[in-house]
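Chains Y and V, in that order, give the protein sequences.
When you line the first sequence up against the working numbering, it's residues 873 to 1344, in that order.
When you line the second sequence up against the working numbering, it's residues 585 to 861, in that order.
There may be inaccurate statements among the hints.
One side of the interface only, derived from the structure: several residues of chain Y facing chain V at Cβ under 7 Å [what the hints assert, rightly or not]:
{"id": "1", "residue": "934"}
{"id": "2", "residue": "961"}
{"id": "3", "residue": "1338"}
Please keep in mind that the hints were generated in silico from the structure rather than gathered at the bench.
For each residue, glycine too, the CB sits at the ideal point set by N, CA and C.
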Amino acid sequence: MNWKKAVSVLLISAMTLSMAACGNSGTNTGATSGGGNDSAVDSTEGGSAAASGEKLVVWTLSNDLIDFGERFQEQTGVQVETVVIEPANYPTKVQTALLGGETEPDIIVGEPKMLEDFYDAGFFEDLNQAPYNAQDYADQIVDYVWEVGQDSEGIQRAISYQITPAGIYYRRDIAKEVFGTDDPDEIGQLFKDYPTILQTAQTLKDAGYRIFSSDAEMNVFSGDSAWVVDGVLNVDQARYDYMDLCVDLYQGDLTAYASQWSTPWYQAMAGEVPILTADIQSSVDDSVNVWDATEFAEATEGMEKTTVFAFGLPAWGVLTMRDNVGETSGLWGVCAGPAYGFDGGTYIGISSQSERKDVAWEFVKFCTLNEDTADWWIEFSQGDTVSLKSALEKHKDDENQIYGGQKLYEFWLEQAEGIDTSKVTRYDQAIGDAWGNAISAVKTGEKTKEEAVNEFYDVIESTYPDITVNRE
Amino acid sequence: MSTFDKVKKTVLYVLLILLAVVCMVPFLLTLVNATRSGNEIVTSFTLIPSTHLKENWETVFQFFNLFKGMWNSIKVAVPATLLTAYFSAMTAYGLAMYKFRGNKVLFMGIVIFMMIPGQLSLIGFYNLCTKLHLVNSYLPLIIPAIAAPGTVFFLRQYILSVLPPSLIEAARIDGASEIYSFHRIVLPIMSPGIATMSIMAFIGNWNNYLLPMIILNKNEKFTLPVMMATLKASTDIQRNQGAIYLAVAISIIPILIVFCFCSKYIISSISAGSVKE
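Let the sequences and hints guide you as you build the complete structure.
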């Protein structure tokens, strides 16, 4: 009897629920059309284009474009629908949809590491052809951004609104005390090459400071040439030099032994941190929990404390530092690193399957080539660096108080001008990570240099069978 | 003997408590971190709640309406779970109880299909959905749930072990139709197994990320996991850490409810027997 009841209840609930589900889809269409009405109201408020009912769908991987989209909608009345997809899965989403023949997205974006695949698959519209004629705008955008937006044949496919050159963020007060100056040019000299960096590190250590929090700070500057040239893995001397630098920094006890992006690494931005020994950081000895602040403070109480001198980050590090510097705000400065480098950036292009390419081109121009937008973005993002030359020119006297009133836009423009984009390949992320692992293995003494490099070759061979690996 | 028992019990309890703590701490951490700011989360670790719950709440809702996402997820997960449970039970019953030509082959087929990862057919599936105008609809997420090889496999083994053929024979002699005896006799006896698989299916559907992310292109249609992933797309990831934890904390509530409901059901039905030998 009980069972009958239970079963009938189950079945009835199953039925009602499935009906409810059907009902839902009904109400849902209602809701969507309701949404349509809302936006119709919005765009009528917005302006004249509402009557034509123009619409634009943006698929992006960073929230920036939501704000750009809203502003575009305000100014033109075109209804912008921005769909944000997590960066890790963005390529999967775009590839599946566009190869599946999806025409919905008008604007698609990409980070440098994804762009080459997108170009080859033909996802981006050719912007050099009429009516876009993007080549006419070439001199308005910082050169390296313009080049990253081109496919292997030099056809413009995408443009970014930001530049992301790398720089070294250093403590001005420490610089004055140890080196007698806090001038970015002179401090930059202390980072001009790897031997000098090691020397600087030693000087700082003798003065009771540490040069870096982690030993991976120079990563953004490393490498003289591309990882893969004509299908052949290319490990140039600069990569080995960088490996040696990391190993020397680590084994010479010159850093605070934090891992990049870990808790102690962030803490080092705000001031004094204990010097972790190599043992604490290694996972073999977990007697001290580096993630627990209280326990960490107790365990490291007797340990020597130090203040970290510098961090190596791209231009968007301005924002990361801003959120973490705490009381050291105003004591920072930014100078050039041992080489030019860049990391990240969102590149905007038109989907080749879009049915609203005219509006989409307006949007691309709005985001990247419009000085008014650039002005607004500089203010709105509180310090992001735009790619439009005229805006950088205009803001070159802007002083950033967190960095002791340094004029950052001028500096980033200089750094961006030296960037060599031929170094960018689609393999950078994977190969860079593998090389990083090899460096870790060497510096901790887990493997010899030869073993680690050989394993690195093995990893690359198995990950990318199409790359030829010439072992040295 | 009694002291030995005590020792045994103590050891067992200590072990179980340890296990419970290990299971609970991540949940607790999620809840605590939901009340902390992104800066606090990246710079320290503690189990003491902080005061940023409201900020995190606002951050989450500034990006999307969490409850809308939850409702969307329910709209996908509940029908999909019911379909999986009902049709898998029916298939499993058919495979286990009826003798027909090709039974073994069919079953082998199902086992083989169990091993093919769904991601392989992603582009083709999307293409199919475009042709059928099912992109941005929940149907491609719900209907395929009818075919759940893993559940069928499990339930078939389950039926073989709990359902004596004599029971069905008795029902037939009493004049019950096949579908009647399935609904009235087989389903109740199988319910513990079905409940177990339903929990799995519900959690699977609730947490399903890849397929909804591919199929759904509209913000207002996103299911919860897809919505939460967009928090990671922010330029200011660090600031959103607390918000991500809050969203996760809220999103596990339905799973907990379903689990409580279903696990009670399992326990109560395990003791219910059907045939006295």
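Structure-based check of each hint:
no.: 1; hint: 934; in the structure: 5 Å, holds
no.: 2; hint: 961; in the structure: 6 Å, holds
no.: 3; hint: 1338; in the structure: 21 Å, violated
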